[in-house]
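Undergrad: Listed below are the residues making up each chain.
Number of protein chains: 2
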Amino acid sequence: MSLENDPCHNHLLAALSEEERKRVFPDLELIEMPLGDTLYSPDHLIKHVYFPTTAIVSLLHVMESGASAEIAVVGKEGIVGISLFMGGETTSSWAVVQSAGYAYRLSGQRLKNEFFRAETLQRLLLRYTQALMTQMAQTAVCNRHHTVDQQLCRWLLLSLDRLPSNELTMTQELIANMLGVRREGVTEAAGHLQRDGLIRYVRGKITVLDRKGLEQRVCECYRVVKKETDRLMGGHPTL
Amino acid sequence: MSLENDPCHNHLLAALSEEERKRVFPDLELIEMPLGDTLYSPDHLIKHVYFPTTAIVSLLHVMESGASAEIAVVGKEGIVGISLFMGGETTSSWAVVQSAGYAYRLSGQRLKNEFFRAETLQRLLLRYTQALMTQMAQTAVCNRHHTVDQQLCRWLLLSLDRLPSNELTMTQELIANMLGVRREGVTEAAGHLQRDGLIRYVRGKITVLDRKGLEQRVCECYRVVKKETDRLMGGHPTL
DNA sequence: ATCCGTATGTACGGTTTCGTACAAATGATG
DNA sequence: CATCATTTGTACGAAACCGTACATACGGAT
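From first to last, the protein sequence lines are chains A and B.
What the first sequence shows, in our numbering, is residues 1 to 239, in sequence order.
What the second sequence shows, in our numbering, is residues 1001 to 1239, in sequence order.
Note that these hints are calculated values from the structure, not bench results.
Beta carbons: idealized from backbone N, C-alpha and C, even for Gly.
Check before you lean on any hint, since a few could be wrong.
What the hints assert, rightly or not - Here are some, though not all, of the chain B residues that point toward chain A, as calculated from beta-carbon distances under 7 angstroms:
no., residue
1, I1046
2, E1089
3, R1127
4, T1134
5, A1137
6, Q1216
Claimed, not checked - Quick list of the computed label-pair ranges, beta carbon to beta carbon:
no., chain 1, residue 1, chain 2, residue 2, range
7, A, K112, B, S1041, 31 to 41 angstroms
8, B, S1041, A, G36, 11 to 21 angstroms
9, A, K112, B, P1034, 24 to 34 angstroms
10, A, R182, B, H1192, 19 to 29 angstroms
11, B, T1171, A, D27, 28 to 38 angstroms
12, A, T147, B, R1203, 41 to 51 angstroms
13, A, R23, B, E1119, 18 to 28 angstroms
14, B, R1183, A, T147, 42 to 52 angstroms
15, B, R1200, A, K205, 48 to 58 angstroms
16, A, K205, B, A1118, 23 to 33 angstroms
17, B, T1171, A, R182, 33 to 43 angstroms
18, A, L35, B, N1005, 31 to 41 angstroms
19, A, G234, B, E1119, 53 to 63 angstroms
20, A, K205, B, E1119, 19 to 29 angstroms
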């Protein structure tokens, strides 16, 4: 995976025009992203944006009590650091590497220069931002109305869509932090999925055995986000 | 209120440059917005954007089951229909008038033309969009971690910030739809607030008696959104 | 092979919210 | 004033989730 790295493994970079690639690609830096790395945190000025290829990044909010909740997830279909071109420069959320891997990094200034040329990149980034908003909105709805079992299915599928294999390195404790529930709640939900043969997990490794089964059990939230993302991000399959 | 209407009652319109106003204001239409009016719904092409002055609009998601949840609220500080300039043209949410009033309407094409001139309006709209994302993210977190009591406080304050008076026309049933909880849950929570002298309500009219009291009881979510909105929308107080 | 830190499993009472049912109060209408 | 639809109040068991405590299981290190 790390052997054959190519900016085009990120779907946004892959969709740029020839001229934009000529301008942008030379300035991209390949960055290794270890699990748990913090790309940015509230009130910290963002200096770079990240285009993940194999890594997955969680955007999460942490409350005064220490409780947390994931509000969106970004993988090879997206970009981390949208507040740079949106104009805020910082956000009230954290960006944390949820699954180790690689990303291409670009300086914030370079990105802004490209963005305000108003060519393909701008159109892509704005549409991607709308897709991200759909994900956040659906997360809010899911938090309100669905069970931990359903949310775990959703979370697994969202991760799976951004990974090359059907195996993810993730403890139940970490999943609990993402979903904003107790670790025991995840143990129980995961137990149900394992009992029914949909997944298998051993000490921080989860293997998805029956993706179709997960899709049957997941709440509508997953489908809504996927459908809208596909629509917004155009003909090319985004995930 | 309807006697002295002026586009500048909307904060985004008020913040435009002199030249932009000259171009845009002649094309604004003052629109009366009755309670419950639907401005757009999923998969319906959006033809106009709305700049509320006295009206308040809820962005809400409705699930297959019919259950709903508000994901953000837009008043005189914002604009309804951002998917127009974001590029999606439609959204997966509804925009419903939560509090009757007025808004200025602009054709989608006119807005897009202005947006892509990349002047003040673009900067404003992008930053506003980021503020909206903060609101959505915080709604997700609040749905996960806070009680109905706290969420009702948040909702009341968000509404209050967008209204001219301390009285809102709203049944508990409708609030329940917004918060995505049972009507009885709102009855109970509102009962607590009334018992403690923070509000008074009679059949669809809620009067806020003690705003400070609400602010003391509300969860951090309200403050986070307000602070971030103020930061993003610049020196001028946005609410 | 044993030890030890980490990860997962299980259990129990408490709280919040849900679903449902029905009663009471309000305000508009005739 | 009487009627009626709407809004609000109350009650009760069920379900989901929480907080806590503790047991078990795995896997790397000595």
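Undergrad: Indicate, hint by hint, whether the structure satisfies it.
TA: Each hint, compared with the structure:
Among the interface hints, the one on I1046 (chain B) is violated; its C-beta lies about 12 angstroms from the nearest C-beta in chain A, farther than the 7 angstroms criterion. Hint on E1089 (chain B) is violated. Least Cβ distance to chain A is approximately 9 angstroms, over the 7 angstroms limit. Because the beta carbon of R1127 (chain B) sits about 4 angstroms from the nearest beta carbon in chain A, less than 7 angstroms, this interface hint is met. For T1134 (chain B), the shortest C-beta to C-beta distance to chain A is roughly 6 angstroms, which falls under 7 angstroms, so the interface hint holds.
For A1137 (chain B), the interface hint holds, the least distance from its beta-carbon to any beta-carbon of chain A being 4 angstroms, beneath 7 angstroms. Evaluation of the Q1216 (chain B) hint against chain A yields a violated restraint, the C-beta minimum of about 15 angstroms exceeding 7 angstroms. At roughly 35 angstroms, the beta carbons of K112 (chain A) and S1041 (chain B) sit within the given window of 31 to 41 angstroms. Judged by the Cβ atoms, the range 11 to 21 angstroms given for S1041 (chain B) and G36 (chain A) is violated: they are separated by roughly 41 angstroms.
Under the hint 24 to 34 angstroms, the C-beta atoms of K112 (chain A) and P1034 (chain B), about 42 angstroms apart, miss the expected range. The hinted window of 19 to 29 angstroms between R182 (chain A) and H1192 (chain B) holds, with their beta carbons roughly 26 angstroms apart. At about 56 angstroms, the beta-carbon gap between T1171 (chain B) and D27 (chain A) misses the expected band of 28 to 38 angstroms. The beta-carbon spacing between T147 (chain A) and R1203 (chain B), approximately 35 angstroms, falls outside the hinted interval of 41 to 51 angstroms.
The beta-carbon spacing between R23 (chain A) and E1119 (chain B), approximately 24 angstroms, falls within the hinted interval of 18 to 28 angstroms. Range check, R1183 (chain B) to T147 (chain A): about 22 angstroms between beta-carbon atoms, so the 42 to 52 angstroms window is missed. Our hint of 48 to 58 angstroms for R1200 (chain B) and K205 (chain A) holds, since their Cβ atoms are close to 57 angstroms apart. Between K205 (chain A) and A1118 (chain B) the beta carbon distance is about 48 angstroms. The supplied range of 23 to 33 angstroms is therefore violated.
As the Cβ distance of T1171 (chain B) to R182 (chain A) is approximately 35 angstroms, the hint placing it in 33 to 43 angstroms holds. At roughly 55 angstroms, the beta-carbon separation of L35 (chain A) and N1005 (chain B) lies outside the given 31 to 41 angstroms, and the hint is violated. Distance hint for G234 (chain A) and E1119 (chain B): a CB-CB separation of about 28 angstroms, inconsistent with the stated range 53 to 63 angstroms. At roughly 52 angstroms, the beta carbons of K205 (chain A) and E1119 (chain B) sit outside the given window of 19 to 29 angstroms.
The structure does not agree with the numbered hints 1, 2, 6, 8, 9, 11, 12, 14, 16, 18, 19 and 20 stated previously, though it agrees with the rest.
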